[in-house]
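Going down the list, the protein sequences come from chains V and S.
Here this note's numbering is used: the first residue of the first sequence is 1, the next is one more, and so on.
Here this note's numbering is used: the first residue of the second sequence is 1001, the next is one more, and so on.
No lab work stands behind these hints, which were simulated from the structure alone.
Quick caveat, the model's predicted, so the values are computed rather than measured.
Among the hints, erroneous ones may be present.
[As the list claims (entries may be wrong)] As a list, the in silico DMTMM-like pairs of lysine to aspartate or glutamate whose alpha-carbon atoms are at most 20 Å apart: (1) S:1104 / V:82; (2) V:139 / V:74; (3) S:1086 / V:105; (4) S:1086 / V:130; (5) S:1086 / S:1044; (6) V:78 / V:122; (7) S:1092 / V:97; (8) S:1092 / V:124; (9) S:1092 / S:1113; (10) S:1086 / V:124; (11) V:103 / S:1113; (12) S:1086 / V:101; (13) S:1092 / V:122; (14) V:103 / V:127.
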Amino acid sequence: MILQPFENLSLAHKGVRRMSSVRERIRIDILLVEDSPDEAHLMVRKLQEGSLNVRLDVVDDGEKAMAYLRRQGEYAGKSQPDLILLDLHLPRMNGHEVLAELKQDEILRRIPVVIMTSSTKEQDFLDAYDLHANCCVPKPADLDEYARAVARIEHFWLHIARRP
Amino acid sequence: MSLMNLGGRPIEILLVEDDAEEAAMTTEVLRSGRVRNRVHRVEDGEEALAFLRRQGRHAAAPPPDLILLDLNMPRMNGLEVLAVIKQHPVWKRIPVVMMTASDKEQDIISAYDRHANCYVTKPLDMEQFIAAVRSIEDFWLSIVRLPAA
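The shape of chain V in the complex, shown without the other chains (with noise of 0.2 Å):
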């Protein structure tokens, strides 16, 4: 599989489909926060295969995600995300400092965060929660495992719940 840099990873996916509902034709806005490209690109593609009109940006250290939140320099123009995917271990900013400033914010504390992370300590998943994370999502070492949690996520965040 090639690699591309993160800059090219934000995927726009127009494709409406004849026949879709209207939840269907409203585009999905979600903020990946993952510093490892070949999992980025994994999530990019297991969301990309919905039925929904997802698109979804990549940013690489917490220090971007915030200042993709605050639509900040080159992050100017983005919609507030619909859902954010966060990862834990990240450079600059981690994860739970990420959660902790924008749990705090008035209208930002309103978007799902669903935390994927590979640690296994027991630890990192209650401070994630005592910091109000939406949920917190082990990620599976193997990939066909990895995939399908990725897709259940799809399925229970974008067809399911109710975001704000």
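Place chain S on chain V using the hints.
Using the frame of chain V, we list chain S on its own:
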């Protein structure tokens, strides 16, 4: 069963629901799921807090691993209960799934503002209701790492 969760014991679910029929349906779907769980039902917000505090008839209640919380209830509504839970130093980490017939945007925003973990609208159709509960069971009991109570 998700053995990553909770050392193999049943997942304790607190169901806060004033409608007996919906409570029965939800309980039945959860109990028939793949992951071992025990559903504890209370009928309103005040009883939910009594359960969490282990007061009165709930003195022996286990700490819940997951809370399914209706919005419109007598005595104390779901948003009020949610606010108390999410401001508590220990309870705040318990995932709270709002399960409600309301699809009003303001209710959704209010729930997420108070740190609801997610919000699911109850379908009116019974089959869709069952499917929604199964989706909750599939995601929250199998995929999600719940905090150990």
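Cross-check of the supplied hints:
With a C-alpha separation of about 17 Å, the suggested pairing of residue 1104 (chain S) with residue 82 (chain V) holds against the 20 Å cut-off. Between the alpha carbons of residue 139 (chain V) and residue 74 (chain V) the distance comes to roughly 30 Å, so the proposed pair goes past 20 Å and is violated. With a C-alpha separation of about 16 Å, the suggested pairing of residue 1086 (chain S) with residue 105 (chain V) holds against the 20 Å cut-off. For the suggested pair residue 1086 (chain S) and residue 130 (chain V), the alpha carbons sit about 9 Å apart, so the restraint of at most 20 Å is met.
For the hint pairing residue 1086 (chain S) with residue 1044 (chain S), the CA-to-CA distance comes to about 17 Å; that is within 20 Å, so the pair holds. Proposed proximity of residue 78 (chain V) and residue 122 (chain V) is contradicted: the alpha carbons are some 35 Å apart, above 20 Å. Between the alpha carbons of residue 1092 (chain S) and residue 97 (chain V) the distance comes to roughly 18 Å, so the proposed pair stays at or under 20 Å and holds. Of the pairs offered as hints, the one joining residue 1092 (chain S) and residue 124 (chain V) holds, with about 15 Å between alpha carbons and a cut-off of 20 Å not exceeded.
Using a Cα cut-off of 20 Å, the hinted pair residue 1092 (chain S) and residue 1113 (chain S) holds, with the two alpha carbons roughly 14 Å apart. The suggested pairing of residue 1086 (chain S) with residue 124 (chain V) holds, with an alpha-carbon distance near 19 Å, which does not exceed 20 Å. Between the alpha carbons of residue 103 (chain V) and residue 1113 (chain S) the distance comes to roughly 9 Å, so the proposed pair stays at or under 20 Å and holds. Taking the CA atoms of residue 1086 (chain S) and residue 101 (chain V), the gap is about 17 Å. The hint holds against a cut of 20 Å.
Taking the CA atoms of residue 1092 (chain S) and residue 122 (chain V), the gap is near 16 Å; set against the 20 Å cutoff, the hint holds. For the hint linking residue 103 (chain V) to residue 127 (chain V), the alpha-carbon distance of about 13 Å falls within 20 Å, and the restraint holds.
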